[in-house]
Amino acid sequence: MSNATENLVEVQDLFMYFPVTAGIMQKRVADVKAVDGVSFFIKKGETLGLVGESGCGKTTTGRCILQLYDGMKGKIIFDGTELTELKREQMRRMRRYMQLIFQDPFASLDPRMTAGEIIGEPLKVHGLAKGQEYRDQVAELFRMVELEPFMADRYPHEFSGGQRQRIGIARALAVRPAFIVCDEPVSALDVSIQAQVIILLERLRDELNLTYLFIAHDLSVVRNISDRVAVMYLGRIVEITNADEIYSNPLHPYTIALLSAVPIPDPAVDRTRERIILAGDVPSPINPPRGCNFNPRCSQAMDICREETPELKNIGGEHWVACHLVK
Amino acid sequence: MVFIARGTGFWVGNVKMATTTDERILDVKELRTYFYTQEGEVKAVDGLSYHINKGESVGLVGESACGKSVSALSILRLIPYPPGIIVGGEIFFQGQDLLKASEADMRHIRGNRIAMIFQEPTTSLNPVLTVKRQISEALELHRGMDKEASLGETVRLLKLVGIPDAEQRAQDYPFQFSGGMQQRIMIAMALSCDPALLIADEPTTSVDVTVQAQLLEILAELRDRLGTAVLIITHNLGVVARYVDRVQVMYAGRLVETAPTDELYSDPKHPYTIGLLASVPRLDSERKKSLRIITGLPPNLARLPGGCAFHPRCEYAMDRCRVEVPTLEKIGEDHLRACFYDADKLHKY
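If you're matching them up, the sequences are chains A and B in order. To convert, note that position 263 of the first sequence is 263 in our numbering; the numbers rise steadily by one, no gaps. Add 1000 to the 1-based position in the second sequence for our numbering, that's all there is to it.
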């Protein structure tokens, strides 16, 4: 899909189906098609935004890249190495280069460990520092996320949501990764704290030369921090292009509807926008519609949309769309 | 003089009675609701005053723990005691002080003249009763309908909120509906008795943005058609920009600014409002333009700072702000704010 050497991450034909079992014998009766044929790449130093509504498979995609699930199909190539072919110990050592920041600042920190222990644990696991050097690095990590080192002896419940998220970020940075999957890192935070954390993530990215996969359902947040944006619907990517283009020239009907559904906090501007209200609900990923999985809700669906799944096609520059309407 | 006013009547049996009303249907005055906990006295609502006019839609905006949900529950006297208690203030609804009303009066008002929809439909709908049973309960109780009439009305309401195949679906249980559909059922329930005021507490927080758009369109349509006053409680400034006539901004249990929507966004006059608006990323702003941030953290309501609760985070804080609590003052036609700093010297971003 592009120049291989400048890509840090390449995802090829990723499928992740979660089995639905029934009966005493736990027979597999159906599959939740969480990720249903996804391919993309992320260049070194780039931030790729991955947006979509709940259940579209974006979190699953992020976790598959980090090899956190068994049973995935497809290839994940990280800095030239095919992760799916590594043995367990090799993969374990690779993990220091790829980290994850979680959405829920309350569930993602061990309540029985102090902040210092949480942040320092990766250093211990990977054998990266001992003794005084370890203590110095932990203190440095606190400062990097704008927390005071003296807070190292406190437990997670003594911190606010925004501070806990910073601890999660420091923990991810401890091993000096190259790549971080940020899984809705600000969704659970208050509005005025979201900006603080977004700015922190941007600063760290610029200072430490990080590559991000930034997963979110809030298009306004993703737009600011991303270089390119991919839109997912029911397990598939429907559109992917650079961040300016996706907002100025969206082509897929779902992308257009998604954008129009996001209110702009400025009534004078918001009133001038066209509003597209989608009919119906998102269908279940156990039984996605035939052909283009968006067709039941698409006001412009044609016969071919109900029969054939559209391929992700390059329509110029970096802009790719999966839609029969777009040439 | 007797008005037949839509959305402001009440029912006796099957007959809708007319009533005269003020312009204001809700008038909250110096409401104080405190919680007594291990950490001490938590002043969830600490001197809140505002009003809602007949047919108006108002947004009550603030971040978590600013007291907005507690204030709504206080209106309906749903604050659990212990540990919470309404310690002061008055809440006038259609001329009656709800804080002095009897429990019997409140039962007549809840679900009937004031209705509420909650953030999490999965926990607000009864999982063991059919949708039909839940909606018709209010109809039978408050409007005195018999089983047949209430079923017909239930189906009509479900159609009104856009539930497909309403006749069959009325027999289903809440778990058989998606989150967005459950919210619609809640809206149908809330509107079943034609309330004068509908309180929606974070109605869209737990749903996706496209479903949020659907729900808010329904609320807006119904409000226009039925003339119901709506109070939308949310932290989402975008939702408020699109769907309400007037915005009220809360911080640490008090109102800090209130104005008609257009004016609040174009000409905010409180440092917190200005900071909040500047810190929210927008789809139409210049990309890569930095967000402004409000330094510091939201206050601990058990340990409020002296004076203005916002002063530790305020770039304009003066000595006076540390000791005196500012009260709401008029600075425009319909624009109030609680701040000591000169409004004209505030810079916006």
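Please note: incorrect hints may appear among the correct ones.
Using C-beta positions, here's what the derived DEER-type ranges look like [unchecked claim]: (1) Val125(A) with Pro1127(B): 24 to 32 Å; (2) Ala268(A) with Gly1296(B): 28 to 36 Å; (3) Leu208(A) with Glu1120(B): 48 to 56 Å; (4) Gly131(A) with Glu1120(B): 46 to 54 Å; (5) Asn1300(B) with Asn314(A): 28 to 36 Å; (6) Ala30(A) with Ser1290(B): 28 to 36 Å; (7) Ser1064(B) with Tyr69(A): 28 to 36 Å; (8) Arg1133(B) with Ser39(A): 45 to 53 Å; (9) Ile1331(B) with Ser160(A): 30 to 38 Å; (10) Ala22(A) with Thr1122(B): 19 to 27 Å; (11) Ser160(A) with Thr1122(B): 57 to 65 Å.
Pairs of lysine to aspartate or glutamate residues, derived as EDC-like cross-links and limited to a Cα-Cα distance of at most 20 Å, are as follows [unchecked claim]: (12) Lys1330(B) with Glu1030(B); (13) Lys1159(B) with Asp1097(B); (14) Lys1029(B) with Asp1097(B); (15) Lys1289(B) with Glu245(A); (16) Lys1159(B) with Asp110(A); (17) Lys1289(B) with Asp227(A); (18) Lys1100(B) with Glu1153(B); (19) Lys1159(B) with Glu1148(B); (20) Lys1289(B) with Glu207(A); (21) Lys1029(B) with Glu1039(B); (22) Lys73(A) with Glu85(A); (23) Lys1289(B) with Glu46(A); (24) Lys1289(B) with Asp281(A); (25) Lys1289(B) with Asp244(A); (26) Lys1345(B) with Glu1329(B); (27) Lys1132(B) with Asp1105(B); (28) Lys1132(B) with Asp206(A); (29) Lys1289(B) with Glu85(A).
It is worth saying that the hints were derived from the structure and are not from the lab. Ideal Cβ placement from N, Cα and C applies to all residues, glycine included.
Each hint, compared with the structure:
| no. | hint | in the structure |
| --- | --- | --- |
| 1 | Val125(A) with Pro1127(B): 24 to 32 Å | 43 Å, violated |
| 2 | Ala268(A) with Gly1296(B): 28 to 36 Å | 30 Å, holds |
| 3 | Leu208(A) with Glu1120(B): 48 to 56 Å | 39 Å, violated |
| 4 | Gly131(A) with Glu1120(B): 46 to 54 Å | 49 Å, holds |
| 5 | Asn1300(B) with Asn314(A): 28 to 36 Å | 53 Å, violated |
| 6 | Ala30(A) with Ser1290(B): 28 to 36 Å | 47 Å, violated |
| 7 | Ser1064(B) with Tyr69(A): 28 to 36 Å | 32 Å, holds |
| 8 | Arg1133(B) with Ser39(A): 45 to 53 Å | 49 Å, holds |
| 9 | Ile1331(B) with Ser160(A): 30 to 38 Å | 32 Å, holds |
| 10 | Ala22(A) with Thr1122(B): 19 to 27 Å | 23 Å, holds |
| 11 | Ser160(A) with Thr1122(B): 57 to 65 Å | 27 Å, violated |
| 12 | Lys1330(B) with Glu1030(B) | 17 Å, holds |
| 13 | Lys1159(B) with Asp1097(B) | 35 Å, violated |
| 14 | Lys1029(B) with Asp1097(B) | 10 Å, holds |
| 15 | Lys1289(B) with Glu245(A) | 17 Å, holds |
| 16 | Lys1159(B) with Asp110(A) | 47 Å, violated |
| 17 | Lys1289(B) with Asp227(A) | 13 Å, holds |
| 18 | Lys1100(B) with Glu1153(B) | 33 Å, violated |
| 19 | Lys1159(B) with Glu1148(B) | 17 Å, holds |
| 20 | Lys1289(B) with Glu207(A) | 18 Å, holds |
| 21 | Lys1029(B) with Glu1039(B) | 27 Å, violated |
| 22 | Lys73(A) with Glu85(A) | 12 Å, holds |
| 23 | Lys1289(B) with Glu46(A) | 18 Å, holds |
| 24 | Lys1289(B) with Asp281(A) | 35 Å, violated |
| 25 | Lys1289(B) with Asp244(A) | 13 Å, holds |
| 26 | Lys1345(B) with Glu1329(B) | 17 Å, holds |
| 27 | Lys1132(B) with Asp1105(B) | 26 Å, violated |
| 28 | Lys1132(B) with Asp206(A) | 56 Å, violated |
| 29 | Lys1289(B) with Glu85(A) | 42 Å, violated |
Checked against the numbered hints listed earlier, the structure breaks hints 1, 3, 5, 6, 11, 13, 16, 18, 21, 24, 27, 28, 29; every other hint is satisfied.
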